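S.K.: Sequence:
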Amino acid sequence: METKKTINIAVVGTGFMGKTHSYSVKNLPFFYGELPFEAVLHTICSRDQKKGEKIKNEWGFLYSETDEKKILENPEIDVVDICTPNISHFELLIKALGAGKHIYCEKPLVISGAQAKEVIKKLEETNKDKKLLCGMVFHNRFSPAVLRAKQLIEEGRLGSIISFRVAYRHNSNLDQNKKAGWKQTAESGGGVLFDLGSHAIDMARFLCGEIESLSGKSQIYFPVRKGIDGENWHTDADEAFYITAKLPNGAIGTIEATKLACGTNSDLSVEIYGEVGALRYSLMQPNFLEFYDESRPGGDYGGERGFTSIECVQRYPKPGDSFPGPKSPVGWLRLHMHSVYMYLNGIYERELSKFSPDFYDGAAVQKIMEKAFLSDQSGRWEEIN
Numbered sequence: 001m002e003t004k005k006t007i008n009i010a011v012v013g014t015g016f017m018g019k020t021h022s023y024s025v026k027n028l029p030f031f032y033g034e035l036p037f038e039a040v041l042h043t044i045c046s047r048d049q050k051k052g053e054k055i056k057n058e059w060g061f062l063y064s065e066t067d068e069k070k071i072l073e074n075p076e077i078d079v080v081d082i083c084t085p086n087i088s089h090f091e092l093l094i095k096a097l098g099a100g101k102h103i104y105c106e107k108p109l110v111i112s113g114a115q116a117k118e119v120i121k122k123l124e125e126t127n128k129d130k131k132l133l134c135g136m137v138f139h140n141r142f143s144p145a146v147l148r149a150k151q152l153i154e155e156g157r158l159g160s161i162i163s164f165r166v167a168y169r170h171n172s173n174l175d176q177n178k179k180a181g182w183k184q185t186a187e188s189g190g191g192v193l194f195d196l197g198s199h200a201i202d203m204a205r206f207l208c209g210e211i212e213s214l215s216g217k218s219q220i221y222f223p224v225r226k227g228i229d230g231e232n233w234h235t236d237a238d239e240a241f242y243i244t245a246k247l248p249n250g251a252i253g254t255i256e257a258t259k260l261a262c263g264t265n266s267d268l269s270v271e272i273y274g275e276v277g278a279l280r281y282s283l284m285q286p287n288f289l290e291f292y293d294e295s296r297p298g299g300d301y302g303g304e305r306g307f308t309s310i311e312c313v314q315r316y317p318k319p320g321d322s323f324p325g326p327k328s329p330v331g332w333l334r335l336h337m338h339s340v341y342m343y344l345n346g347i348y349e350r351e352l353s354k355f356s357p358d359f360y361d362g363a364a365v366q367k368i369m370e371k372a373f374l375s376d377q378s379g380r381w382e383e384i385n
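In terms of the numbering used here, the numbers along the sequence shown are unbroken and rise by one, the last being 385.
Calculated from the structure, these hints are not laboratory results.
Since no wrong hints were added, every one of them can be taken at face value.
Calculated lysine-lysine pairs in the DSS-like style (CA-CA distance at most 27 Å, straight line):
| # | residue 1 | residue 2 |
| --- | --- | --- |
| 1 | K69 | K51 |
| 2 | K226 | K179 |
| 3 | K56 | K70 |
| 4 | K122 | K95 |
| 5 | K354 | K117 |
| 6 | K69 | K19 |
| 7 | K51 | K178 |
| 8 | K117 | K367 |
| 9 | K367 | K150 |
| 10 | K69 | K121 |
| 11 | K217 | K183 |
| 12 | K178 | K217 |
| 13 | K367 | K246 |
| 14 | K51 | K95 |
| 15 | K50 | K19 |
| 16 | K217 | K117 |
| 17 | K56 | K69 |
| 18 | K5 | K354 |
| 19 | K54 | K69 |
| 20 | K131 | K5 |
| 21 | K5 | K95 |
| 22 | K95 | K131 |
| 23 | K183 | K54 |
| 24 | K354 | K130 |
| 25 | K19 | K51 |
| 26 | K95 | K128 |
| 27 | K26 | K327 |
| 28 | K69 | K122 |
| 29 | K183 | K56 |
| 30 | K56 | K5 |
| 31 | K117 | K246 |
None of these values were measured; they are calculated from a predicted model.
Kindly produce the complete structure, drawing on both the sequences and the hints.
M.R.: So this is what it looks like as structure tokens:
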């Protein structure tokens, strides 16, 4: 029997996303038939040794560690999976690149355009032989419906894009008496534009193309709320952010990220309107993509015109259709799992240049966010260059 290639993974961070990534790696064999590689949860890294040992046992890691340096120096570890707060990404990214590790990094890449440039510089210095795969976790790209939307756009079924709307809405900042977490504080690299907005911007780039210029406006609706310590605290990071963006072909679109939307849960929605077709997608209804085809005949009582619901469900290409089956409803964790699969399969097949989103995508999103903050301060449109 042929021995499978082993890919040893160290997950740095034991919060919600650390758990999500670990779950995805651990369950790959159930969802992808006859995997040619074995993804191993090698080391979990937590600053709290007791917590790290507990999680190691519960999540199925081989080892736990408190010192990131020991992970980077360990030749057994192939991938460093970064699931730490935004503000700590930069230092670890630079060190992991220097150590020659593959990297899978949660969004956003870092917390400033200057840091993003330094990361790309380090990447190009240390990865001249193109042996490292450095991927970003923009997992919403990996919904079957979003991937089908990408196909339709690339086939020209929409024609030239005229307008678009991408919105990511939560209701999690509506309670002033709820203690703020690190994602609400500027000190930790928080704010809704970094958190939800990075996903929305990536979705706009992925489906519609590069953004040429933009105008941005932030919103803090509750200037005073309960801080991390439970005391009154002056909100110092955006609770909502609104971007108007222009594409090189003249198309205009809006990108919205908010945690002030009453009645929402995790509502990522996309609308794209072209010259001969249109698309609509909602993460809360992820099994279907709505497609309007202007070439369909009209007529009495409407003919065949109208938005059609394409049943994307879990129709991933093989081997991703093996479990629970292509007809089964898809969910949020499944998108993460397919992102992890595509990333690790890229390492296995050494098709490193074909995997996206990568650090260049992360840096592009970082630049757009920085220009949006600049526009918010200046009140002017800003060019993305």
